[in-house]
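> Read off the chains here:
There are 4 protein chains.
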Amino acid sequence: MKQFFPGIKKIRYEGPDSKNPLAFKHYNPNKKIGKKTMKEHLRFSVAFWHTFKGTGSDPFGGPVYDRPWDIANDCMQQAENTMRAAFEFFTKLGVPFYCWHDRDIAPEADNLKETNARLKNIVNLAKKLQHDTGVKLLWGTSNCFSHPRFTHGAGTNPDAHVFAYAASQIKMAMECTKQLGGANYVFWGGREGYSNLLNTNMKHEQDQMARFLEMAVEHKKKIGFKGTLLIEPKPKEPTKHQYDYDAATVLSFLHKYGLEDEYKLNIEANHATLAGHTFEHDLTVASIDGKLGSIDANRGDYLLGWDTDLFPSDIYSATFAMMVIINQRGLGTGGINFDAKVRRGSFDEKDLFHAHIGGMDSFARGLKIAHKIKNDGVLANFVSERYKSFKSGIGRKVMRGETNFRELEKYILKKGEPKKISGREEMLENLINSYI
Amino acid sequence: MKQFFPGIKKIRYEGPDSKNPLAFKHYNPNKKIGKKTMKEHLRFSVAFWHTFKGTGSDPFGGPVYDRPWDIANDCMQQAENTMRAAFEFFTKLGVPFYCWHDRDIAPEADNLKETNARLKNIVNLAKKLQHDTGVKLLWGTSNCFSHPRFTHGAGTNPDAHVFAYAASQIKMAMECTKQLGGANYVFWGGREGYSNLLNTNMKHEQDQMARFLEMAVEHKKKIGFKGTLLIEPKPKEPTKHQYDYDAATVLSFLHKYGLEDEYKLNIEANHATLAGHTFEHDLTVASIDGKLGSIDANRGDYLLGWDTDLFPSDIYSATFAMMVIINQRGLGTGGINFDAKVRRGSFDEKDLFHAHIGGMDSFARGLKIAHKIKNDGVLANFVSERYKSFKSGIGRKVMRGETNFRELEKYILKKGEPKKISGREEMLENLINSYI
Amino acid sequence: MKQFFPGIKKIRYEGPDSKNPLAFKHYNPNKKIGKKTMKEHLRFSVAFWHTFKGTGSDPFGGPVYDRPWDIANDCMQQAENTMRAAFEFFTKLGVPFYCWHDRDIAPEADNLKETNARLKNIVNLAKKLQHDTGVKLLWGTSNCFSHPRFTHGAGTNPDAHVFAYAASQIKMAMECTKQLGGANYVFWGGREGYSNLLNTNMKHEQDQMARFLEMAVEHKKKIGFKGTLLIEPKPKEPTKHQYDYDAATVLSFLHKYGLEDEYKLNIEANHATLAGHTFEHDLTVASIDGKLGSIDANRGDYLLGWDTDLFPSDIYSATFAMMVIINQRGLGTGGINFDAKVRRGSFDEKDLFHAHIGGMDSFARGLKIAHKIKNDGVLANFVSERYKSFKSGIGRKVMRGETNFRELEKYILKKGEPKKISGREEMLENLINSYI
Amino acid sequence: MKQFFPGIKKIRYEGPDSKNPLAFKHYNPNKKIGKKTMKEHLRFSVAFWHTFKGTGSDPFGGPVYDRPWDIANDCMQQAENTMRAAFEFFTKLGVPFYCWHDRDIAPEADNLKETNARLKNIVNLAKKLQHDTGVKLLWGTSNCFSHPRFTHGAGTNPDAHVFAYAASQIKMAMECTKQLGGANYVFWGGREGYSNLLNTNMKHEQDQMARFLEMAVEHKKKIGFKGTLLIEPKPKEPTKHQYDYDAATVLSFLHKYGLEDEYKLNIEANHATLAGHTFEHDLTVASIDGKLGSIDANRGDYLLGWDTDLFPSDIYSATFAMMVIINQRGLGTGGINFDAKVRRGSFDEKDLFHAHIGGMDSFARGLKIAHKIKNDGVLANFVSERYKSFKSGIGRKVMRGETNFRELEKYILKKGEPKKISGREEMLENLINSYI
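Protein chains in written order, with our numbering: chain A, 1 to 436; chain B, 1 to 436; chain C, 1 to 436; chain D, 1 to 436.
Check each hint, because a few of them may be wrong.
Pairs count within a copy or across copies, as identical chains cannot be separated in the list.
[What the hints assert, rightly or not] Here are the computed lysine-lysine pairs in the BS3-like style, where the Cα-Cα straight-line distance is at most 27 Å:
no. : residue 1 : residue 2
1   : 31        : 368
2   : 291       : 256
3   : 388       : 19
4   : 19        : 53
5   : 388       : 35
6   : 19        : 391
7   : 113       : 368
8   : 36        : 113
9   : 397       : 19
10  : 19        : 368
11  : 240       : 53
12  : 350       : 419
13  : 203       : 256
14  : 240       : 222
15  : 53        : 419
16  : 113       : 414
17  : 374       : 36
18  : 388       : 256
FYI, nobody ran anything at the bench for these hints, they're computed from the structure.
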């Protein structure tokens, strides 16, 4: 079998002191952290689009990579080569999962029938490769944003014809996901938003979207797909006002249309920060409502105003994310998908390995640190102590709904001014540093 | 009676060609625009805090204004003078409404009992002045953010003692609002948020807040207050992650805790833009859910990252806001409150007039333009035409919930690719300019 | 001759009351505003790249336009058709100027020799069309950022081989500009910056750039090109830290390397705002140093963090820009180039007309307003009065360098505290509104 | 002698495993890192204003701290207590330096004469305490921004009277700095900028500023002050467009007015990030011009748009800063001043220790890491290798100014296309992580 990464051997764990850039320093898949192995905790996934279909293009220049899997003249041969290259990569890297959009793995044809035939073809190959390697599908999704037809939206397009097209695509993508045993199905509404309020009926578009998601639930049940349905919030890109701005906005939408029991969230680091939140904030917003289903791990550049999709190399961020995940006892059917891309100038296939190794090591380190923080209990005790006044007396009555404004006024008239208690932010930040 | 603005006469409408800076060029209160007068449409309100208690201080320097109503040595005499100055201002400016925080109109004393006594005193004076002048209270609210006790939050404070204090304040402020015939009562949760996730239990704090708002509803009913309860969203200030980030976030919260029938929103321009939206976006988000209750009119500086509270002088923004308001047939019990302040270097009392005249003229102009756009129907027809495919055939079935993914796939397999239809953004922007 | 815009006639001035979207409401080219016609004041230019080579692609989707000039199979036939379409557009729109990058007008071949031959070919065609129509070249420039070779920079590339390539391109582009009688030559250093400080020697790169610009001056003189050399500042895009961040940064660079007499600036609205300034701020920074050479007119979206290149439809911004330009008595060899693109969903060729008409009308309106403001003198008098203390006494001594800290201390010990004088910002903003 | 921090003992180094929050884990002052001790490398300084005069107030609430040194009724007794508390703090913390604004250490009186007398008084006390403890003054500066008189600027005020006042203040502050043996004198032009371009003559204001800085140089020489003059860049705060936006802008100003030999820069982390740069970017911009004189260490919040002045606890940022400092062989007369403040809710004096310990440990760790990176040479070698093509052949001729566009074109016509070489950003980021 042709090798697409001939110079690269399986990436091994060599420990923190290794100088080998093609080895893990922290990710040791079968090492137990608490009751689960690192592999079980982290459920790493490679994103097919960035790693195998990424070209390095940006708004100021076209493709720059010369990938060996892109050489074939026939587009379906290319697709097949790409899928084989991907599984070679997954295996050498040692990740248990991958993710795709329908159009990543098989190119669109002139009509839907032929497009679907191509997709089925490649899905059959993927199924075989999954079986051969043990690598699994974390989630599938449909690209309803790149084709010109989706310029004004997919589910929220003012043209019902386009709405129907999107429905057809997602129907097929969900069926393919089921065929491959995908653990989740993701909705990222790339063009669900508006560019200009002047030509937009926002209420109508939101009603459309709700109808779309209802049909998706119905179809899921119809075909017996057991995975989790996930919505991925994102603000600002590509259209100006994306409807799925952030976790809270999506939750509001789900509540309004009675869909909250059918969908969870896939939270991406860089999407959270573009919405003005920290990654851990949006993870927490989703988690406290029992809606944190999966994560897209990457890193934004706070000084740039778009989704840079950098590989997640920041140990602080990985630690804070793992603290939320450990706190809710894992991601369930979800995982940590590297929705990240190498920089335009990282021309070599080897750079793909550097990037993923860095991301996996960062989250492995985050896991170890978060686990230690949890085990030591210092931080959790501090927080628990901080809220203890709500566990007895007037505070307990508040939480139980057993008091009212009049009683609280009497309480204050008697008790007077509360004490000022330090929040100890600086001490706690030092504490975190002592674990890193 | 002492005059606080001795050099200023009642501001009159003199029309667009007037060169008199102390005259209205566009706001002509009794002129009918459609079926209502400008005064009825716009329901202007002056914000007591900025206009009478504003000092010009900023993080780099203290108070700079020498206001004649601040001269008295006794703090209650000062409060009384300030209230009298305010009504002189309202009358000379010709606004029908004003708004206050409890602590703006009467200074806090050493204990709640005395503080409440002071407040009652001033409320009695305000009642008399309202009666004498016909000026009304648009809304009251309680300042639960300035005092040191609220550093870690009011309703979301980790200390139940502080929670109780906030409840006591809001109880009294709501009662005073009722006494003055206030049309609404506003919650702006200045310190409801967190500074650092490390010391925070977000779920607990949100549960606390929900309990707080439930008790507020109960108290409202108990005392027979008939006004609308409004929540004002704001991101980022003063604490890092404010819980009431934007309209969608507040709506999500209200849905989650079953409070959606009890509260509407008070949308502020600069809060919307700090959250990454346009003013008209957040107005629309609230409006399409029937939740747009009132607005705080001001202007942010897009190049600065904090609430600049500039007076609203941008005609585009005023026009877009009025388009939303006209579309929902007015603000009901709400109004347009100038939550805006003169610049630090606008030292003179006269500058307060310049500022309000500019804001009122901008919105009056926005009203006239929005009304003309609505009447001409060109824009509305364009939008209606754009969505017409949902009024018949497959689109109609979508909106009625009478179809599914399989039928939509069949539709596409038969119909093929949709047409590309221009969204005409540039043409529509030119159209708007032709009205200005 | 084939028509590329068959349904569009020459755009005419029909005045503010016209309802015809394909007519000018304000731009009346031969109407005198002061001593110059509108055409002479505004010197409008169409940007070849956006208007004829723009595809509507964005980071989330590929090309969407079906342009009749793109139909030919042969790439040079396509280039020729595009140039002919462009001149048809210029003529129908009635703009006196256009601008290009070398690679816009002729596609790159496999080697520089052939690439240059193609370019010469098209330049000959352009020369003929310029002669036939009277349309002139405002400026030429070289695209040293799109090709993969420029990924790590052109003049600042760590590889001298790439540096040499960039030099070769710019040599040729400058010669073509001269051949077409271009009034200016522009440097926009698209890839001059760094993506990551870890792999960068900033000092070396800046020294490289200085050498590059010195050679450009030498070559200009060598070939006898009489146009102005312009540098276009831009922050953040495409590489993280662009060296030509804003006007002040470029001026600092020019001073440091003694190049300040050889270059002026081409200021773009959206580049200024991405750098944290208003358009009029950066125009003023350049203008007060005698370095404002030309402008790229467009509009950013303050809520988005990238160069949106919207057409300039904001009348405030156009007014403020024209105030700076009038103040320095015009742009000399420069002009107002629409470095702007229609939105992705503006699929039709007609939208290109809507967009340019809107931009031209906005600046025409800005010109009329700015001229009236200047003529009335109210604003200028206010400013002059504000600084009058520097025209006599101690202020005059300060400006003449005839005093020192000791004398100033004595002055204060004698004179005491200065008065507080209002800056009247609100009044002045109302004044501007009264002109709009 | 009264103790202001009675419960706190001298902070000791206890190493990374210590659980004592009031001990250093990394800062070991006399430990050698290379040829210098940590103390000599880092030259830590405490900022008098934040640590002793900070009140915890923010735009939404007033002072919250109850400091024992604020108790005295007499303002000069308070100033004396504060100075004594400061030296107790410096000594217990073990920092070698501190910094002040004139108005931090002695309160302003009704007139300049009395104000200066107060200042002299306190300076005498400081001199004695410096002598007793060995703590030194890193720099002094004058607060020409808080008083109402400076609302429209100090050196750039439109009123010459205010200009003179600022000159008087700075004269005295510079003399006091000299008296205390200050190693530098800093200019932070808090109000040097404009709020509104409509009322501003930017050219005039910049000319004023240049005159001001010329007089400062003259006065420095006159009194024989040997310290370094430093300008601190800052964008956006407090006035909208600050003239000293960032390092490049200040360098441009200095070049334009021929002042570049007289001033260096004091670069602050949070000011750099507000200007759209990383801290290390602005440090490098200053350093490569030989102008990096000192630093203000703190941390911004990238999600907030103002100067949060958080204590610097991010190890990445401290490492990158120390890499620049080590690279230029130290800060000379400068140091690392903690221009940082505890959060509003950090009510206790103990929090001041937590905060500074965290900051000092972070920079100590950054120093150790940066030193190791430097010593290992891997990164430096990578960068050197990357630019090697400029050390011979055509590259060498470029850097020596011995070639031109024609020769470079010939070179390319012969050599053809350059190779694509990976910039290895991901690998280098992993490398940095391996040192942390």
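> Checking residue 113 and residue 414: alpha-carbon separation at most 27 Å within a copy, between copies, both or neither?
Result: close only across copies, 10 Å inter versus 76 Å intra.
> Between the shortest in-copy and the shortest cross-copy C-alpha distance, which are at most 27 Å for residue 388 and residue 19: within, between, both, or neither?
between (48 Å within a copy, 25 Å between copies)
> First find the shortest C-alpha distance between residue 203 and residue 256 inside one copy, then the shortest across copies, and answer within, between, both or neither for a cut-off of 27 Å.
Both: 12 Å inside a copy, 21 Å across copies.
> For the identical chains here, do residue 19 and residue 391 meet the 27 Å Cα criterion within one copy, between copies, both, or neither?
So residue 19 and residue 391 fail the 27 Å test inside a copy (52 Å) and across (29 Å) alike.
> Indicate which option fits the pair residue 36, residue 113 if close means a Cα-Cα distance not exceeding 27 Å: within, between, both or neither.
This pair counts as neither: shortest intra-copy Cα distance 45 Å, inter-copy 58 Å.
> Within a copy, between copies, both or neither: which one fits residue 240 and residue 53 at a CA-CA cutoff of 27 Å?
Intra 25 Å, inter 23 Å, cutoff 27 Å: intra and inter.
> I want to check one pair: residue 113 and residue 368. Are their C-alpha atoms no more than 27 Å apart within a copy, between two copies, both, or neither?
Neither: 49 Å inside a copy, 53 Å across copies.
> 27 Å Cα cut-off: does residue 350 pair with residue 419 within a copy, between copies, both or neither?
between (59 Å within a copy, 17 Å between copies)
> Evaluate residue 388 and residue 35 at a C-alpha cut-off of 27 Å and name the case that applies: within, between, both or neither.
Neither: 30 Å inside a copy, 52 Å across copies.
> Regarding residue 31 and residue 368, is the shortest C-alpha distance of 27 Å or less found within a copy, between copies, in both, or in neither?
Answer is within: at 11 Å inside a copy they meet the 27 Å cutoff, but 30 Å across does not.
> Can you give me the call for residue 397 and residue 19, within, between, both or neither, at a CA distance of at most 27 Å?
For residue 397 and residue 19, the Cα distance exceeds 27 Å both inside one copy (59 Å) and across copies (38 Å).
> At most 27 Å between C-alpha atoms: does residue 19 with residue 368 qualify within a copy, between copies, both, or neither?
Intra 21 Å, inter 19 Å, cutoff 27 Å: intra and inter.
The structure fails hints 4, 5, 6, 7, 8, 9 and 14 (numbered hints given earlier, in ascending order).
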